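Asks: Sequence:
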Amino acid sequence: MSKKILNLAYIAMGAALIAICAWITIPIGPVPFTMQTFAVVTIAGLLGWKRGVASIFVYIALGALGAPVFSGFGGGISVLAGVTGGYIVGFIFTALIVGLAADRFKGILPLALSMFGGILCCYAFGTIWFMVVYMRSTGTIGLISVLSKCVFPYILPDLIKIVLGILLTKRLRKYIK
129 MSKKILNLAY
139 IAMGAALIAI
149 CAWITIPIGP
159 VPFTMQTFAV
169 VTIAGLLGWK
179 RGVASIFVYI
189 ALGALGAPVF
199 SGFGGGISVL
209 AGVTGGYIVG
219 FIFTALIVGL
229 AADRFKGILP
239 LALSMFGGIL
249 CCYAFGTIWF
259 MVVYMRSTGT
269 IGLISVLSKC
279 VFPYILPDLI
289 KIVLGILLTK
299 RLRKYIK
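Take any residue in the sequence shown, count from 1 to its spot, add 128: that is its number in my numbering.
Some hints could be false.
Restricting the straight-line Cα-Cα distance to at most 25 angstroms, the calculated cross-link-like pairs of lysine to any residue (SDA-like) are [to be verified]: (1) Lys302 / Leu292; (2) Lys131 / Ala189; (3) Lys298 / Leu145; (4) Lys132 / Arg301; (5) Lys277 / Met259; (6) Lys305 / Phe161; (7) Lys131 / Lys178; (8) Lys305 / Leu136; (9) Lys277 / Ile188; (10) Lys178 / Ser265; (11) Lys302 / Ile133; (12) Lys131 / Phe233; (13) Lys178 / Lys277; (14) Lys298 / Ala189; (15) Lys277 / Leu296; (16) Lys277 / Phe161; (17) Lys305 / Ile236; (18) Lys305 / Leu241; (19) Lys305 / Ala137; (20) Lys234 / Leu224; (21) Lys302 / Ala144; (22) Lys178 / Phe233; (23) Lys234 / Met141; (24) Lys178 / Leu296; (25) Lys234 / Ala189.
Calculated from the structure, these hints are not laboratory results.
A quick note: this is a predicted structure, and the numbers were derived from the prediction, not measured.
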(Lines of atoms letter the chains of each structure in order from A; the text may use other names.)
(Lines give C-alpha, C1' and ligand atoms only; values in the text may rest on other atoms or scores of the structure.)
Protein backbone atom coordinates (compact mmCIF):
# COMPACT_ATOMS: atom_id res chain seq x y z
CA MET A 129 0.00 0.00 0.00
CA SER A 130 1.38 3.41 -0.88
CA LYS A 131 2.43 5.78 1.90
CA LYS A 132 -0.08 8.43 0.74
CA ILE A 133 -3.00 6.02 0.92
CA LEU A 134 -1.86 4.78 4.32
CA ASN A 135 -1.60 8.37 5.60
CA LEU A 136 -5.09 9.19 4.30
CA ALA A 137 -6.49 6.08 5.96
CA TYR A 138 -4.87 7.00 9.30
CA ILE A 139 -6.16 10.59 9.05
CA ALA A 140 -9.69 9.38 8.23
CA MET A 141 -9.62 6.90 11.11
CA GLY A 142 -8.40 9.64 13.43
CA ALA A 143 -11.26 11.96 12.43
CA ALA A 144 -13.75 9.09 12.82
CA LEU A 145 -12.44 8.24 16.29
CA ILE A 146 -12.86 11.85 17.42
CA ALA A 147 -16.43 11.88 16.09
CA ILE A 148 -17.27 8.63 17.86
CA CYS A 149 -15.74 9.92 21.09
CA ALA A 150 -17.72 13.17 20.72
CA TRP A 151 -20.91 11.13 20.80
CA ILE A 152 -19.94 9.72 24.20
CA THR A 153 -21.41 12.69 26.04
CA ILE A 154 -22.57 13.56 29.52
CA PRO A 155 -24.23 17.00 29.54
CA ILE A 156 -23.04 18.49 32.85
CA GLY A 157 -23.15 22.18 32.02
CA PRO A 158 -22.41 24.58 29.20
CA VAL A 159 -19.45 22.40 28.16
CA PRO A 160 -20.47 18.73 27.94
CA PHE A 161 -18.20 15.96 29.16
CA THR A 162 -17.04 13.95 26.15
CA MET A 163 -14.25 11.57 25.28
CA GLN A 164 -12.97 13.89 22.51
CA THR A 165 -9.86 14.98 24.40
CA PHE A 166 -8.95 11.33 24.91
CA ALA A 167 -9.27 10.76 21.16
CA VAL A 168 -7.26 13.88 20.29
CA VAL A 169 -4.30 13.11 22.58
CA THR A 170 -4.28 9.44 21.56
CA ILE A 171 -4.45 10.18 17.84
CA ALA A 172 -1.69 12.77 18.06
CA GLY A 173 0.42 10.41 20.17
CA LEU A 174 -0.02 7.62 17.65
CA LEU A 175 0.07 9.52 14.37
CA GLY A 176 2.44 12.39 15.13
CA TRP A 177 1.82 16.04 14.49
CA LYS A 178 1.19 16.07 10.74
CA ARG A 179 -1.35 13.27 10.57
CA GLY A 180 -2.75 14.15 14.02
CA VAL A 181 -3.40 17.78 13.12
CA ALA A 182 -4.76 16.71 9.72
CA SER A 183 -7.24 14.42 11.52
CA ILE A 184 -8.44 17.36 13.59
CA PHE A 185 -8.84 19.56 10.50
CA VAL A 186 -10.87 16.83 8.76
CA TYR A 187 -13.03 16.43 11.87
CA ILE A 188 -13.63 20.19 12.14
CA ALA A 189 -14.34 20.51 8.41
CA LEU A 190 -16.89 17.68 8.55
CA GLY A 191 -18.59 19.34 11.50
CA ALA A 192 -18.51 22.78 9.89
CA LEU A 193 -20.18 21.33 6.80
CA GLY A 194 -23.01 20.04 8.96
CA ALA A 195 -22.08 16.42 9.57
CA PRO A 196 -23.25 15.45 13.09
CA VAL A 197 -19.74 14.83 14.45
CA PHE A 198 -19.75 17.20 17.42
CA SER A 199 -21.05 16.34 20.89
CA GLY A 200 -24.74 15.59 21.05
CA PHE A 201 -24.64 14.74 17.33
CA GLY A 202 -24.27 18.45 16.57
CA GLY A 203 -22.86 19.94 13.42
CA GLY A 204 -22.60 23.20 11.54
CA ILE A 205 -20.84 26.52 11.82
CA SER A 206 -23.16 27.54 14.66
CA VAL A 207 -21.53 24.94 16.94
CA LEU A 208 -18.07 26.25 16.11
CA ALA A 209 -19.23 29.84 16.63
CA GLY A 210 -20.91 28.95 19.93
CA VAL A 211 -19.49 29.00 23.44
CA THR A 212 -17.88 25.55 23.10
CA GLY A 213 -16.36 26.14 19.66
CA GLY A 214 -13.05 27.26 21.15
CA TYR A 215 -12.49 23.87 22.70
CA ILE A 216 -12.99 22.22 19.32
CA VAL A 217 -10.57 24.64 17.66
CA GLY A 218 -8.24 24.13 20.63
CA PHE A 219 -7.93 20.48 19.59
CA ILE A 220 -5.66 21.67 16.77
CA PHE A 221 -3.16 23.05 19.27
CA THR A 222 -3.50 20.00 21.50
CA ALA A 223 -2.69 17.70 18.58
CA LEU A 224 0.21 19.91 17.54
CA ILE A 225 1.79 19.85 21.02
CA VAL A 226 1.26 16.11 21.57
CA GLY A 227 2.19 15.17 18.01
CA LEU A 228 5.45 17.14 18.04
CA ALA A 229 6.47 15.49 21.31
CA ALA A 230 5.48 12.05 20.02
CA ASP A 231 7.55 12.59 16.86
CA ARG A 232 10.57 13.74 18.81
CA PHE A 233 10.55 11.61 21.98
CA LYS A 234 9.57 8.01 22.61
CA GLY A 235 9.39 7.94 26.42
CA ILE A 236 6.32 7.97 28.60
CA LEU A 237 7.25 11.16 30.50
CA PRO A 238 7.50 13.42 27.42
CA LEU A 239 4.24 11.93 26.13
CA ALA A 240 2.49 12.51 29.46
CA LEU A 241 3.80 16.08 29.76
CA SER A 242 2.80 16.89 26.19
CA MET A 243 -0.69 15.48 26.68
CA PHE A 244 -1.09 17.50 29.88
CA GLY A 245 0.27 20.63 28.19
CA GLY A 246 -1.93 20.06 25.14
CA ILE A 247 -5.06 19.81 27.23
CA LEU A 248 -4.05 22.92 29.20
CA CYS A 249 -3.66 24.75 25.88
CA CYS A 250 -7.11 23.53 24.83
CA TYR A 251 -8.52 24.74 28.17
CA ALA A 252 -6.94 28.16 27.68
CA PHE A 253 -8.13 28.56 24.09
CA GLY A 254 -11.61 27.26 24.84
CA THR A 255 -12.01 29.32 28.01
CA ILE A 256 -11.06 32.57 26.30
CA TRP A 257 -13.40 31.74 23.40
CA PHE A 258 -16.19 30.87 25.85
CA MET A 259 -15.77 34.21 27.66
CA VAL A 260 -15.80 36.24 24.44
CA VAL A 261 -18.87 34.51 22.99
CA TYR A 262 -20.70 34.48 26.32
CA MET A 263 -20.08 38.19 26.94
CA ARG A 264 -21.26 39.11 23.44
CA SER A 265 -24.54 37.27 23.85
CA THR A 266 -25.29 37.30 27.57
CA GLY A 267 -23.19 39.83 29.47
CA THR A 268 -20.19 40.08 31.69
CA ILE A 269 -18.81 36.98 33.36
CA GLY A 270 -15.73 36.62 35.55
CA LEU A 271 -12.78 34.34 34.88
CA ILE A 272 -13.31 32.29 38.05
CA SER A 273 -16.94 31.77 37.11
CA VAL A 274 -15.95 30.55 33.65
CA LEU A 275 -13.23 28.29 35.04
CA SER A 276 -15.70 26.80 37.51
CA LYS A 277 -18.09 25.99 34.64
CA CYS A 278 -15.61 25.03 31.91
CA VAL A 279 -12.37 23.77 33.44
CA PHE A 280 -12.44 22.73 37.09
CA PRO A 281 -15.04 19.93 36.67
CA TYR A 282 -12.99 18.42 33.84
CA ILE A 283 -9.50 18.30 35.36
CA LEU A 284 -9.77 14.88 37.03
CA PRO A 285 -11.58 13.22 34.10
CA ASP A 286 -9.02 14.67 31.69
CA LEU A 287 -6.16 13.33 33.83
CA ILE A 288 -7.78 9.89 33.55
CA LYS A 289 -8.10 10.38 29.78
CA ILE A 290 -4.39 11.25 29.63
CA VAL A 291 -3.49 8.03 31.46
CA LEU A 292 -5.69 6.02 29.08
CA GLY A 293 -4.20 7.88 26.10
CA ILE A 294 -0.65 7.10 27.26
CA LEU A 295 -1.45 3.42 27.78
CA LEU A 296 -3.12 3.08 24.39
CA THR A 297 -0.43 5.06 22.59
CA LYS A 298 2.40 3.03 24.11
CA ARG A 299 0.60 -0.22 23.27
CA LEU A 300 -0.32 0.67 19.66
CA ARG A 301 2.54 2.92 18.50
CA LYS A 302 4.64 -0.04 17.30
CA TYR A 303 1.90 -0.94 14.80
CA ILE A 304 1.62 2.50 13.21
CA LYS A 305 3.80 3.08 10.17
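Asks: Return the numbers of the hints above that this structure violates; sort them in rising order.
Replies: Going through the list in order, the structure violates hints 6, 10, 13, 14, 15, 25 and respects the others.
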